[in-house]
Amino acid sequence: MLEIRSLSKAFGGVKATDNVTLDFADGSLTAVIGPNGAGKSTFFNLITGALRPDSGQILLNGVDMAGRSPPEIVRYGIGRAFQVASIFPSLTVEETMLAAVCADQRRASVLHRRFPLAETRDRAEHAMELLGLAVKRNRIAATLSHGDQKLLDIALALVLDPKVLLLDEPTAGMGTEERWRMIDKVRELWEKQKITVVFIEHDMDIVFKIAPEIVVLCYGRILATGTPDAIRRNEAVIEAYLGTEHHAGAAI
Amino acid sequence: MTELQAEQGAPALDVPRTEAKPRRNRDVVIALAVFVVLALLPMVFSSKLLLDFVIRCAAYGLFATSLNLLVGYTGLTSFGHGMFFGLGAYGFGLMMQKTGVPIPVAFVATLAITFVVALVIGAICVRLKEIYFAFVTLAFQMLIHSTILSWVSLTGGDQGLRGGIPRPPFWGIDLSNHLHLYVASCALLVIGLFLMHQIAQSPFGYTLRMIRDNATRASFIGIDVWRAKLTIFVLAALFASTGGVIMALFVSGAYPEFAYWTISGEGIFINMLGGVTTFLGPMVGTVLLLILNDTVTRLTEYHGIVLGIVILFFAIGLRKGLMDFVVEWYARRRAGTGERS
Amino acid sequence: MDLDALTGCLASSACLVTQTTSGFIIGMLLFLVAVGLTLIFGVLKVVNFSHGAFYMFGAYFAMTAYQLTGSFALAMLCGATGTALLGLIFERVFMSRVYGSDVLMQLLVCYAFVLIFDDVVRMIWGPEFKSMGMPAAFQVAPLFIAGGVVPPYYLLLIGVALAAAVILGLGLARTRLGKVIRAAAHNPGMVSALGINTGLIYGGVFALGGMLAGLAGALAAPVRSLTPGMGFSVLIESFIVTVIGGMGSILGALIGALLIGMIRSFGSLGFPLFTEGLMYLFMVIVLVSRPTGLFGKEVA
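Chains as they are written, first to last, in the numbering used here: chain A, 1 to 252; chain B, 1001 to 1341; chain C, 2001 to 2300.
Misleading hints may appear alongside valid ones.
Unchecked claim - If the Cβ cut is set under 7 Å, some of the chain C residues that face chain B in the computed set are: (1) I2089; (2) V2093; (3) R2097; (4) V2109; (5) Y2111; (6) L2115; (7) D2119; (8) Y2280; (9) L2281; (10) M2283; (11) I2285; (12) L2287.
Said to hold, decoys possible - Here are some chain C residues pointing at chain B (derived, C-beta under 7 Å): (13) D2002; (14) D2004; (15) L2104; (16) M2105; (17) A2112; (18) I2167; (19) L2170; (20) V2243; (21) F2274; (22) V2284; (23) V2288; (24) P2291; (25) L2294.
By construction, these hints were calculated from the structure, which means they are not laboratory data.
None of these values were measured; they are calculated from a predicted model.
Beta carbons: idealized from backbone N, C-alpha and C, even for Gly.
My request is simple: use the sequences and hints to build the entire structure.
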């Protein structure tokens, strides 16, 4: 589904992404972890086109995404939710969804009809329901709680029917209770929609409980990939985390 | 606010936007009703002053509402929108003076000229970031103003277009008849507002709102931001130009002041007075400003001070326009939540 | 358009000198006004659309001081310090309230004050054109350089303006206060966290900008006629200068001002009615190719 081949990006002398080669299988759920500065966000930025890679390929079903513009990449089917929710503050939840579907259906420039278009309702409704936002459909986005805004952010990515969904720290800024609810939602989404999901996460408890596959990045390089058990036993990973994260130690 | 408060429905942050229900028929009925009321007004009040006031409201109202499409709905702060008002006045005036075409033809031709000019200027400016966009639109406006001033053979220079504007009757309408001019202005106003409202409530209108709120995300969703901005820039110019045409007919000429930056400044002030979060805010602002102007110039020769103090009151004190207050008061009465009907 | 007049002048050294000097003083006066504008923008991130009013008040204060005391030096002093004070009060009482708001709001506030100030001047001094007259010390024979006429007063003007430019440039670059001001432009939060009173800095910068514009007005008073609307054309031109030179750049203000001064001087020969049009054309070209101006930095 999504194949990364020798992806590299350097800023000045610093190799933010160093020769990364990875495969994300169709319908997989993968967590990308790593200490701060490991290059996780840069990795996402490269895939979504926010940054241009120095070298390497990003193959989505065989088509190379490297060097394309972000809107183009979105059209090909890579969706992204942001660490800080990037939404439209003055629109309601429902309006946001309807407008997004409208844009996806290439009807964003229609002048002679009234918003919302009837043909956009189903998809918008479906996305809202998936994220549990339907009951809050008339809330103005700016007034939503932080967690709901992140959900809206994900809904905004999801409503465009992506093949791959990248979630940049979906639980950022949340308390423990809320985190589990959010990640449960993510897992629920993944199971229902059967799309490929990759998410960046810092909370090791969550990662090891939820993700069937884990990728560990460190200094822009892949340190290890595999199942939670394999990662837990991986010496390099333990060494990278010892002293900074006690979770790995606790997990052992 | 905490999540708990949000769940329980805290009051809306910022200014809630009340969007009209997406029913075009309702708009048509309202438009017709308003037009009929306006058209019948002269029968009730035979004051020429009132008719003049409404005609001026039509000219400025179209201008200010079109400016709101740029500023309020898209987030495009243009300091030079007045150039299209001036272009409309001069274009129409010159065409009627120099060529013998019927008025409807001249009107359409004026719009066509405005279209081309707006397309060129917009294509150049729209990609610039906010404050630079504001500067360069102002620069273009003043450039046009200077051109009008210096091209004396064509425009009459600082004296303006002299000799009046010929008004051959068309379709039984004689625009040299003040009453006919009045009704025609009302018609243009109502049609113009209806069309602009349609634009605001169309899918394109929501695209504009998305661009205003978060242009980057809008682009990620697949919206061609540059093209959308250019489109609304040109459309807004057409309506501003129509306002200029009305003004030209009203004063039977065209003056360089119509293209001066103060027109743009007044447009912004009108939007501030009436409020940018409702569609009719600018219309309300227009009425307020014209009343203010007329009253102040009658009472004192120092209208600068009075006007200045009023502006300060709104800008620093109230920070919102009249319609914004109305909307908030209404919303608070209804629910007190972050909801919209 | 009168291109013959233009080419004719370029060919004659006398005319060349006269026009160049004229362009120089226009430019230096503009520089003093524009540098205040660009400083205020650089540090306070605010476009002071009422800046022309400081120029106007500088001229009127100077004229009145001269009429009362007969001393040119005192007149200059009054012009400069009066406007400095005005700038401080204006900033502390009004501008500080609109810092967070968007540029439309700032524009409106300044526009309001343009209206108010113009009327205040009209009330106090009357709407007619006034003049200060050339002080006796300068009523000497003009210098003839290469055949061109150069009034000595012009040389004083250029000298004072250049001195101000140098002091300002060095002051900002070398002194501690200058560093603090530049720091506040980059990161006001940090400067405030370091215990420095940013309010005072903002007020000070505004006072400085106002003072420079007032000084320009005072310097111009002997050679220009005074009228309540005089601030406005200066504002427009200094605005063009700052945009062309780059908001926040002192060097840009200098270069831009000289350019505009020359355009005005030579342009009014060849394009008597379109002189301002030339400036706007230039402004459009610069904005479109380099939105931040010739020497400007990217604004966050």
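The hints, checked one at a time:
1. I2089: 15 Å, violated
2. V2093: 10 Å, violated
3. R2097: Check passed: Cβ of R2097 (chain C) comes within 5 Å of chain B, closer than 7 Å.
4. V2109: Constraint on V2109 (chain C) satisfied, holds at 5 Å.
5. Y2111: 6 Å, holds
6. L2115: OK, holds: L2115 (chain C) within 7 Å of chain B, min 4 Å.
7. D2119: 4 Å, holds
8. Y2280: With a closest approach of 4 Å, the Y2280 (chain C) hint holds.
9. L2281: 6 Å, holds
10. M2283: Interface hint status for M2283 (chain C): holds (4 Å vs cutoff 7 Å).
11. I2285: The hint is violated - I2285 (chain C) has no Cβ within 7 Å of chain B, the shortest such distance being about 9 Å.
12. L2287: Given a least distance of 4 Å, the restraint on L2287 (chain C) holds.
13. D2002: 11 Å, violated
14. D2004: Given a least distance of 17 Å, the restraint on D2004 (chain C) is violated.
15. L2104: Holds, because the Cβ-Cβ distance from L2104 (chain C) to chain B comes to roughly 6 Å (cut-off 7 Å).
16. M2105: Since chain B brings a Cβ to about 6 Å from M2105 (chain C), closer than 7 Å, the hint holds.
17. A2112: Holds, because the Cβ-Cβ distance from A2112 (chain C) to chain B comes to roughly 4 Å (cut-off 7 Å).
18. I2167: This interface hint is violated because 29 Å lies over the 7 Å limit.
19. L2170: Since the shortest Cβ distance to chain B is 30 Å, the answer is violated.
20. V2243: Result: holds, 5 Å to nearest chain B Cβ.
21. F2274: 4 Å, holds
22. V2284: Holds. Min distance 5 Å.
23. V2288: 6 Å, holds
24. P2291: 4 Å, holds
25. L2294: 14 Å, violated
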